Amino acid sequence: MSAGDELPAGALVLRLPSVAHIRISGQQRQPTPEAFALSSAERATLATGERVLVSVWDRARITVAEARSLRVGRDVTAFELAVTDVRAIAVDLNHSELSVIEDPAHAPGAATPAQRDAHAGIAGLDVAPAGHVNPRLLKDVRDALARACRGPVEG
Amino acid sequence: MNLHSSRYGESFWQALVTLGDHHIERDHAARVLAFWSDLSRELLSEPDLSEADGAVRFTWCGDRYTLQVDVHHDGRVSWYFRDASLPPGQSEGENEQRPDELPARFWECVRVAEGERVRR
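Heads up: the sequence lines are chains A and B, in that order. Under the numbering used here, think of the first position of the first sequence as 1, with each following residue one higher. Under the numbering used here, think of the first position of the second sequence as 1001, with each following residue one higher.
These are calculated hints, taken from the structure and not from any lab test. One or more hints might be untrue.
[Said to hold, decoys possible] Which chain B residues face chain A? A few, computed with CB under 7 Å, are given here: (1) 1018; (2) 1020; (3) 1061; (4) 1063; (5) 1065; (6) 1082; (7) 1084; (8) 1088; (9) 1089; (10) 1091.
Given the structure is predicted, the values throughout are model-derived calculations rather than measurements. Ideal placement from N, C-alpha and C gives every residue a C-beta, glycine not left out.
Given only the sequences and the hints, what does the whole structure look like? Please build it.
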């Protein structure tokens, strides 16, 4: 696998939203759609014309504890997201750019090659395809991704 | 950017009345407060409060319903509503409507979404 390759259908990725982007319902915790929105810094990057991937980690290549340790100073919670679910959402919402791809070059906080190689990103959350029939596409995608997450997970 | 977190003891109300401390311009903050005074008349649950693309966003997110209401700098309102029990792509919403032109359906969505939070 190398940068830009799509993760296989059986892969699981970790998303680590901050506590402010988690809703609590009884004993359950679930990310809110905001957990898949671009940060201020990512929006600034997008404004320069560069496409932005939403950061996730390949579950097979990094532990939850290690992924969390890279978010220094942030209170984050780890949730799993199945690549097969992302692909299903892409089909359901007719959004062919929605995919999970290797992204070692933008691994936040990564200090080792192994950590960088574990980093991936969700494409298709930054800009809606021109002319798409659904004017709420990105909001629908964020909501669906948040509801597809499982967790919190540890280990 | 999230503007408050009750999990850290930061009050929604405090965040709402101190929007200016979060780089929200005074005129914008005043419009948000004015809209909230209308919106809150029928509400029993507090939404999450965040900043999104320059707008101040109220979010109610439950097991079934998601409602996001964005108040833009000029006071216009964008809203998004999704019932997760329906097939994907059947969400509702409109962009940049004047508050006094929001449709009855918007107010129905507010009652449904915030009602789910109250029942928790």
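Here's how the hints hold up against the structure:
no., hint, result
1, 1018, "16 Å, violated"
2, 1020, "18 Å, violated"
3, 1061, "5 Å, holds"
4, 1063, "6 Å, holds"
5, 1065, "10 Å, violated"
6, 1082, "5 Å, holds"
7, 1084, "6 Å, holds"
8, 1088, "4 Å, holds"
9, 1089, "6 Å, holds"
10, 1091, "5 Å, holds"
Figure legend: structure checked against the earlier numbered hints; hints not met, in rising order: 1, 2 and 5.
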